[in-house]
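Undergrad: Letter by letter, the chains look like this.
Protein chains: 2
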Amino acid sequence: MKRDAIGTPIARQTLIGQRVRKPDAPEKATGKTRYINDMVLPQMLTAKVLFAGRPHARIVRIATDAAEKLPGVHAVLTGKDAAGLKFGFSRDNVALKDKVRCEHDEVAAVAAETEEIARRALELIEVEYEDLPGVFSPEAGAREGAPLIHDNFPGNRSLHFEFKHGDLAAAEAASDFVADSVFRPHHVTHCCMGTSCAIADFDHKGKLTIWTQTQYPYNYKMDLAPALGMDPGDIRVIQPPVGGAFGSKLDVYPYEPIAALLAKKTGRPVKVTFTREEEFKASPTRQAAIIHMRTGCTCDGVLTFRTADVVLDNGAYTSWGPTIPVIMMRTTSGHYRVPVVDFKAQAIYTNNPYAGSFRGYGNVQTTYATAQQMDMLADMVDMDPLDFHLKNAQKSGEYTPQKSFLRECALAECLETAAKASDYSRKRREYAARRAEPGRYKKGIGLASSIHNAGGAKIHKSDGIGTILKVDDYARVTVITGASEIGQGIDAVVTLIVAEELGVPLEHVTIVNNDSDIAPWDVGVHASRTTFIAGNGTRRAARKAKAQILAAAGKMLGEAAETLELRGGFVVRDACGTPLIELERLLRRMHFQDEPELVMVTDYYEPKSEPEGAAHVSDHSAAYSHAVHVAEITVDTLTGEIKVDRITVAQDVGRIINRMGLEGQIEGGIAIGLGYALSENMRLVDGMLTNPSFRDYKLVTAPEMPPLELHFIETHCAEGPYGAKGISELPTIVIAPAIANALYNACGVRIFNPPMSPETVARAIHEARH
Amino acid sequence: MKRDAIGTPIARQTLIGQRVRKPDAPEKATGKTRYINDMVLPQMLTAKVLFAGRPHARIVRIATDAAEKLPGVHAVLTGKDAAGLKFGFSRDNVALKDKVRCEHDEVAAVAAETEEIARRALELIEVEYEDLPGVFSPEAGAREGAPLIHDNFPGNRSLHFEFKHGDLAAAEAASDFVADSVFRPHHVTHCCMGTSCAIADFDHKGKLTIWTQTQYPYNYKMDLAPALGMDPGDIRVIQPPVGGAFGSKLDVYPYEPIAALLAKKTGRPVKVTFTREEEFKASPTRQAAIIHMRTGCTCDGVLTFRTADVVLDNGAYTSWGPTIPVIMMRTTSGHYRVPVVDFKAQAIYTNNPYAGSFRGYGNVQTTYATAQQMDMLADMVDMDPLDFHLKNAQKSGEYTPQKSFLRECALAECLETAAKASDYSRKRREYAARRAEPGRYKKGIGLASSIHNAGGAKIHKSDGIGTILKVDDYARVTVITGASEIGQGIDAVVTLIVAEELGVPLEHVTIVNNDSDIAPWDVGVHASRTTFIAGNGTRRAARKAKAQILAAAGKMLGEAAETLELRGGFVVRDACGTPLIELERLLRRMHFQDEPELVMVTDYYEPKSEPEGAAHVSDHSAAYSHAVHVAEITVDTLTGEIKVDRITVAQDVGRIINRMGLEGQIEGGIAIGLGYALSENMRLVDGMLTNPSFRDYKLVTAPEMPPLELHFIETHCAEGPYGAKGISELPTIVIAPAIANALYNACGVRIFNPPMSPETVARAIHEARH
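Quick note, the sequences are listed as chains A and B, same order.
Heads up: the first sequence begins at 1 in my numbering, then just goes up one per residue.
Heads up: the second sequence begins at 1 in my numbering, then just goes up one per residue.
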């Protein structure tokens with residue numbers, strides 16, 4: 001941006017779709033980033049929590065005197081200190097318990113000068129328990145006479161959902177084939193590399209600042225406040241860099257109010273950090289469920305109906321996990337053109353760990369069912385699954401029975417692209433033909449797809465975002481945005497969009513976010529919404545700034561503003577690219593004139609989406625998207641081990657904004673989906689987790705990632721920023737049933753109780769053979 | 001703000017003029033505040049600077065090998081590492097020197113793991129000097145053949161200023177009396193309780209973040225950039241809480257680029273902190289000068305002319321100190337109605353320490369002269385000084401010869417108020433009459449006044465401020481303001497004004513400032529401007545927010561917006577105070593409606609003031625103000641010790657905003673002025689400071705503060721926020737000559753070379769008697 005560049009035309013170029021590095025990447029790669037777990041505040045105390053370590057019990061007596069007397073201990077809290085401070089989706093949780101309902105129930109907490117002292121203090125707390133009979137499955141919980149987990153929830157009934165559409169009896173009668181199966185998706189957990197951590201501190205006016213990993217800072221205040229008996233307005237939420245979240249931080253969990261209660265009592269900042277074992281035991285899970293699904297079709301392969309009867313293992317408390325039927329029913333009713341739908345779901349309290357939200361949010365479980373039943377039906381009608389899918393695929397402009405409006409629908413294109421790129425049909429026939437041949441290793445190929453919201457979801461009263469944008473005298477841009485960066489890459493997207501609109505280098509954009517006192521409102525990172533919503537908000541704010549700048553330039557230069565553009569750090573003539581004035585010089589002239597004009601704009605963007613409503617009929621997202629995965633695997637029929645050889649992805653992304661970020665999200669999402677499909681499993685025995693470590697709980701890590709071939713379908717979403725859609729959940733959702741279908745292709749077996757671990761697969765193959 | 005309060009009318013009340021606690025006070029009083037000096041960043045290195053310790057020398061050789069090899073040392077820099085990176089007002093300074101021009105010249109700097117290692121590394125640096133003959137007074141520096149301090153400043157001439165108005169010869173001829181004296185104001189320093197400190201860190205895109213005590217973050221970037229060879233846009237300035245500034249942080253000083261150069265070289269954050277001794281030696285001073293002043297009057301007490309010939313001891317480099325003639329000439333020309341003026345000033349380089357800006361900025365020195373000459377002339381014409389002052393006092397609507405427009409002038413009212421409250425005239429006669437009586441202790445009373453800008457000063461291209469204000473769903477207000485809090489209390493003022501305008505509790509206002517990437521532009525804390533400028537900016541932003549809120553309320557409630565007001569957390573009918581809707585409920589309704597509306601406003605306020613210009617004729621401040629101090633003292637004629645018994649202050653404050661903050665500023669300002677008058681003195685011997693400690697350099701501390709009686713005159717400044725004027729410098733300016741005049745009243749002696757220390761006063765009394 002040298003002055004002497006004036007005169008050389010600057011060509012029109014776009015950053016949209018380019019590969020842009022995350023601004024936080026170099027600091028993270030070189031160890032400079034200070035994660036919340038690294039943070040130390042002056043005078044900070046360390047807290048430790050005493051967990052019950054048993055699934056269901058009455059607390060007979062609790063003695064904390066010895067702990068309180070230990071030098072260096074500043075406070076010991078027990079259930080009485082949180083009495084009445086109910087919080088959570090059903091107001092059934094409390095920071096410190098007076099009764100034990102699951103293994104990780106918080107019985108006491110200590111704040112001390114050091115972690116070592118806090119640990120020793122925990123050992124000095126005496127608790128006398130009276131164990132109670134437990135409930136370890138939803139079936140058991142629903143049974144007449146089952147032990148009651150919450151006195152005010154008779155029959156252990158938590159939540160229920162229902163949606164019906166069309167004449168089921170008629171549809172059943174018209175069906176030539178029906179796939180009827182019971183799927184039992186399992187408990188997994190997020191396994192964030194940064195364990196749960198919160199730091200709380202009160203100032204002298206009683207205002208709480210909480211440093212937390214939360215993904216939704218604004219509603220978080222509302223959710224945290226009742227756990228502390230506070231006004232939400234008196235809470236400031238700061239989100240330092242976090243080592244993963246994936247939906248696990250979309251609610252308040254007890255360690256957060258515990259930190260705050262201890263900070264209040266001690267008058268000092270208090271930090272709680274989980275060990276890895278605590279993280280496994282005490283952080284939320286993906287919802288386990290029993291899904292009884294039936295899907296019908298005619299003999300010529302037209303879907304006739306789909307029903308799902310879902311029973312969720314609610315666990316001991318109600319976080320967002322049991323609300324996943326909201327999305328489960330969208331998939332049940334909208335995954336392919338299903339004319340008749342009957343969906344019901346109920347959640348039953350158990351003494352198991354409880355679930356929060358998790359990337360894919362119910363759709364991982366449901367697609368595991370729907371996508372396998374599509375494969376089963378294709379088999380029944382003896383069609384190539386690709387043809388069966390294509391026959392039932394919606395087209396642009398269709399509505400689902402719940403009134404999701406598929407304005408731009410690329411399901412068929414995704415199917416054709418992935419199938420063609422992987423040579424799906426030929427391989428599938430070939431592998432199926434070889435199924436009965438002798439040999440230990442069998443190859444299989446499987447195709448699966450799903451639908452997901454791709455423009456947020458109006459679950460809360462607003463799905464919008466606030467943005468404040470200022471441009472300084474050196475043409476450096478600061479964007480104060482409600483969008484939270486939790487590692488997913490939104491800062492890169494915001495940076496790219498500002499650079500695109502204002503013609504400044506990427507390095508000249510600074511993002512200010514993750515502090516609820518500074519940044520304006522946003523509903524948080526979830527529902528594949530952030531690039532869509534914050535992208536729109538950023539673009540609108542940047543365009544307001546541009547309009548102001550070009551108007552001033554036009555006035556100063558005596559040119560019509562609409563003939564001007566910002567490019568390469570200059571105001572240029574749009575048509576020819578001739579630079580007229582350096583942007584930063586213009587900004588200084590605007591600033592240092594008699595009537596100074598600084599560029600500071602604000603915006604609030606609300607997507608065009610409709611609240612879910614009690615009837616569940618609404619266009620609840622501003623966009624929807626599809627993805628198709630083709631998985632190619634080799635099965636060791638002796639050990640049951642599945643090796644994934646290659647994954648071909650075709651996903652409707654609307655339009656690519658940051659290609660590198662998009663690829664990263666797809667890869668990361670598939671890694672989570674692969675773990676879910678193949679190896680991750682919380683092994684619970686009577687509510688107690690038996691494998692709380694990375695030795696016994698197997699994640700898919702980088703060296704185990706198969707080759708991925710990514711195809712991005714650009715449908716140019718009318719409402720999305722530059723046409724983009726949200727993209728981050730589908731990769732996690734689609735891979736498991738693709739592998740399940742490949743397993744069937746290879747060996748003729750299906751696994752209804754994932755994960756498809758070697759043991760489970762080997763048993764299934766053995767049983768099928770004998 | 002309970003809902004059931006609906007119905008009970010809420011009376012109109014104002015916070016303007018109330019006593020409001022500084023929001024940062026409790027944290028400071030309880031030790032919770034983390035000052036910059038307390039800050040520790042991850043991986044931070046500590047730097048130490050090697051000072052020359054001699055006033056003028058050539059560096060023959062410098063060897064750093066041994067220091068570099070010391071384990072724990074990460075970088076050693078010398079003059080070659082800063083070669084060519086000139087900075088400062090006259091671009092005559094550099095972070096690390098290749099020639100020594102004053103005792104505290106920075107010869108080398110080290111960054112190491114610990115302070116101890118850095119200290120040891122300094123000891124290992126070998127420097128061979130060739131001492132040069134020095135220049136230790138401006139007279140010596142101006143002399144033909146004097147040693148040259150900077151090769152490119154021949155004759156050691158630094159800056160010069162001139163202003164003439166009217167026919168001096170005619171005025172002299174018309175004068176019956178002329179006071180003609182030479183004043184020699186001395187070197188003092190700011191003595192901030194928090195010593196100089198900076199932390200610098202570069203990110204991976206080469207952007208520098210500097211945590212600093214600076215008072216002017218935005219122009220600071222521009223001033224720091226050349227010292228580093230950087231683009232100012234690549235600098236982020238964060239101002240953590242500081243232990244005092246008082247003008248000492250209105251420029252870049254070498255330790256700041258040194259921290260940045262070391263950070264760049266090491267790739268780690270680097271912190272520099274001065275010891276108290278280093279602070280005395282290496283931080284800026286108040287400008288020492290020689291002021292030859294002449295003031296004439298007629299025999300009936302009408303001023304005829306004033307001339308000042310000022311020679312400033314520039315010191316070794318040019319910071320803002322030598323620019324004080326800009327203000328000196330305003331006082332020379334505008335302190336009382338002076339029809340003819342002849343002002344000239346020049347600054348001469350010496351090998352003494354150099355001056356920055358300091359509260360009172362040249363007016364402390366000049367008022368010490370003007371206010372004593374007024375007393376001398378009153379004596380010559382045998383008038384009560386009060387009458388003499390009143391006779392020459394300007395009235396509202398007058399212009400000074402430099403065209404300062406005294407729109408609201410309360411000089412006469414200040415004089416009368418202070419004189420009456422202290423019984424000045426009677427006591428003065430009585431003490432003068434007792435002067436010749438025997439007795440060791442003599443009482444005296446002295447009156448002095450001054451004029452100062454009270455609405456900022458257009459020294460830079462803009463004297464404005466940017467403000468961003470948002471109101472959240474709980475009616476909590478965040479103000480993102482360019483105004484820096486450096487302990488002076490602006491956060492309390494901003495808070496008060498927001499609460500006043502929006503009818504919310506003070507506790508519900510959060511200020512976000514002191515970070516140049518977040519807050520919008522402001523010219524910094526100086527020239528008694530912040531309450532005036534930021535007060536106006538805040539009020540304008542708050543009023544925009546109010547207009548938006550009341551418009552929305554009017555629409556929702558079906559009322560005319562102009563009949564509504566915000567009071568006590570409610571929208572009320574202005575006339576009767578009847579609450580109509582809780583503000584926070586209204587805000588949520590605005591947010592959660594189909595077309596959401598969030599309250600986020602921006603403002604840039606530029607005062608109506610004119611650039612100084614080369615001719616020095618302009619209305620350079622948006623307001624002017626006067627203060628009168630009456631000092632009552634007891635002089636121990638044996639020891640020369642002056643005990644101040646009482647100070648009566650009358651100051652035109654325009655309108656009181658925060659009474660407690662105002663009182664604090666007046667008290668603090670007088671404490672600094674008292675030290676200047678009585679005890680503080682940098683004792684320089686051949687350019688070397690001989691008293692760099694609080695044992696040998698005597699501050700006035702709390703127990704030594706005399707009783708103060710404060711009278712605030714409210715002139716309701718048309719341009720000021722609610723009528724307020726800036727107030728913070730006059731207290732420091734006026735007290736010394738009031739004491740000097742009291743000393744004359746008590747003993748008949750005048751001190752032309754302050755401070756009026758016991759030794760100086762005793763000598764003067766002795767000489768007068770013998």
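It is worth saying that the hints were derived from the structure and are not from the lab.
Take the hints with a grain of salt, since some may be wrong.
Since the list gives no way to pick one copy over another, a pair counts as held whenever it fits inside one copy or between any two copies.
[To be verified] Straight-line Cα separation of at most 20 Å, SDA-like style, residue types lysine to any residue; simulated pairs:
hint : residue 1 : residue 2
1    : K32       : K205
2    : K99       : R695
3    : K395      : E430
4    : K420      : A169
5    : K205      : G568
6    : K546      : Y431
7    : K698      : E430
8    : K99       : T760
Undergrad: Against each hint, give a clear statement of whether it holds in the structure.
TA: Going through the hints against the structure:
1. When the C-alpha separation of K32 and K205 is checked against a cutoff of 20 Å, the pair qualifies only between copies, where the shortest distance is 13 Å, while the shortest distance within a copy is 34 Å.
2. Proximity of K99 and R695 under a CA criterion of 20 Å is satisfied in neither setting, with 32 Å inside one chain copy and 64 Å between copies.
3. For the homomeric pair K395 and E430, neither the shortest alpha-carbon distance inside one copy (30 Å) nor that between copies (104 Å) is at most 20 Å.
4. Proximity of K420 and A169 under a CA criterion of 20 Å is satisfied in neither setting, with 38 Å inside one chain copy and 102 Å between copies.
5. For the identical chains of this complex, K205 and G568 are inter-copy neighbours only, at 18 Å across copies versus 48 Å inside a copy, given an alpha-carbon limit of 20 Å.
6. In the homo-oligomer, the alpha carbons of K546 and Y431 never lie at most 20 Å apart, since the shortest distance is 58 Å inside one protomer and 71 Å across protomers.
7. Proximity of K698 to E430 under the C-alpha cut-off of 20 Å is found in neither arrangement, the shortest distances being 32 Å within a copy and 96 Å between copies.
8. With identical chains, the CA atoms of K99 and T760 are never at most 20 Å apart, being 37 Å at best within one copy and 80 Å at best between copies.
Figure legend: structure checked against the earlier numbered hints; hints not met, in rising order: 2, 3, 4, 6, 7 and 8.
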